[in-house]
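Number of protein chains: 2
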Amino acid sequence: MAIAACCSPESTTPFTHDDATRLAKVFAALGDPIRLKLFTLIARDPSQEVCACSFVDELQRSQPTISHHLKILREAELIAGTKRGTWIWYSVNTQALSEVREFLS
Amino acid sequence: MAIAACCSPESTTPFTHDDATRLAKVFAALGDPIRLKLFTLIARDPSQEVCACSFVDELQRSQPTISHHLKILREAELIAGTKRGTWIWYSVNTQALSEVREFLS
DNA sequence: TTGATATATTGATGTTTGTCAATATATCAA
DNA sequence: TTGATATATTGACAAACATCAATATATCAA
Chain Z
1 MAIAACCSPE
11 STTPFTHDDA
21 TRLAKVFAAL
31 GDPIRLKLFT
41 LIARDPSQEV
51 CACSFVDELQ
61 RSQPTISHHL
71 KILREAELIA
81 GTKRGTWIWY
91 SVNTQALSEV
101 REFLS
Chain Y
106 MAIAACCSPE
116 STTPFTHDDA
126 TRLAKVFAAL
136 GDPIRLKLFT
146 LIARDPSQEV
156 CACSFVDELQ
166 RSQPTISHHL
176 KILREAELIA
186 GTKRGTWIWY
196 SVNTQALSEV
206 REFLS
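For the record, the sequence lines run as chains Z and Y.
Counting from 1, one number per residue, gives the positions in the first sequence under this note's numbering.
Counting from 106, one number per residue, gives the positions in the second sequence under this note's numbering.
Check each hint, because a few of them may be wrong.
As the list claims (entries may be wrong) - Under the rule of at most 25 Å between Cα atoms (straight-line distance), these lysine-lysine pairs were calculated in the DSS-like manner:
#1 Y/K130 with Y/K176
#2 Z/K71 with Y/K176
#3 Z/K25 with Y/K188
#4 Z/K83 with Z/K71
#5 Y/K176 with Y/K188
#6 Z/K83 with Y/K130
#7 Z/K71 with Z/K25
Note that these hints are calculated values from the structure, not bench results.
Use the sequences and the hints to build the structure in full.
In structure tokens, the structure reads:
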């Protein structure tokens with residue numbers, strides 16, 4: 001007879017691979033220092049809405065790089081942007097954030 | 106005179122690049138579907154401690170791959186492992202988790 | 001329309017990542 | 001000691017990623 005298994009056989013992954021992939025995408029979006037700073041700049045602005053135009057100076061990355069990171073945060077639905085004239089104003093998607101918080105609690 | 110800037114000049118990044126890098130590492134650790142499943146398997150086990158030996162079967166990845174992912178979760182201090190004989194029992198580092206939760210709140 | 005500014009896209013490049021096979025190390029049982 | 005099992009490390013490789021220069025698109029002002 002084999003040695004008893006160390007783990008209960010009935011333990012299962014609590015979500016599907018697709019669900020895990022979707023949620024992992026949200027965490028991965030925050031998994032880069034520049035994006036984490038972008039996110040906090042957007043989240044913690046007193047006015048709750050920030051335009052993208054200052055990020056290049058503040059984060060010392062080229063404009064295409066900032067644009068690329070904002071896209072990743074948008075695609076993870078952590079932020080949303082509204083175009084007003086030439087500028088885009090960003091704000092945090094509080095619902096997506098709640099889902100992440102719920103996962104961690 | 107130039108057009109008024111769209112953003113308040115006094116807005117600053119709320120943490121240093123090193124801090125952002127460290128926290129980003131934690132998010133990045135959760136930013137992969139396999140690691141997210143590993144983490145939930147460890148976090149949600151009723152006994153609060155899980156041995157690594159079943160992960161290969163459950164997650165359908167090779168043993169070196171699972172070992173690699175567990176190392177990344179360990180280095181992000183999201184989990185901790187205790188060796189008991191041949192097996193390693195994993196549990197969640199609740200303090201690291203609190204810090205992440207605090208950031209998101 | 002023309003010039004200036006904000007943002008997006010494309011293409012290129014070096015780096016990092018996820019994965020596995022092969023191998024190594026550690027522990028236990030016989 | 002020998003064999004079996006759990007985990008770690010190494011080396012290799014393809015895919016994904018972060019970055020920038022160049023260019024494109026969109027909007028506003030003159």
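Verification of the hints:
At roughly 13 Å between alpha-carbon atoms, Y/K130 and Y/K176 fall within 25 Å of each other, so this suggested pair holds. Annotation: proposed proximity of Z/K71 to Y/K176 is violated, straight-line Cα distance about 30 Å (limit 25 Å). Only pairs whose Cα atoms come within 25 Å are accepted, and Z/K25 paired with Y/K188 is rejected, the gap being roughly 32 Å. A threshold of 25 Å between alpha carbons decides the hint, and for Z/K83 with Z/K71 the separation of about 14 Å falls inside it, so the pair holds.
Taken as a hint, the Y/K176 and Y/K188 pair is honoured in the structure, with Cα atoms around 14 Å apart against an allowance of 25 Å. The straight-line distance between the Cα atoms of Z/K83 and Y/K130 is roughly 32 Å, outside the 25 Å bound, and the hint therefore fails. Between Z/K71 and Z/K25, the direct Cα distance comes to roughly 13 Å. Compliance with the 25 Å bound is thereby established for this hinted pair.
Hint compliance for this structure: hints 2, 3 and 6 are broken, all remaining hints hold.
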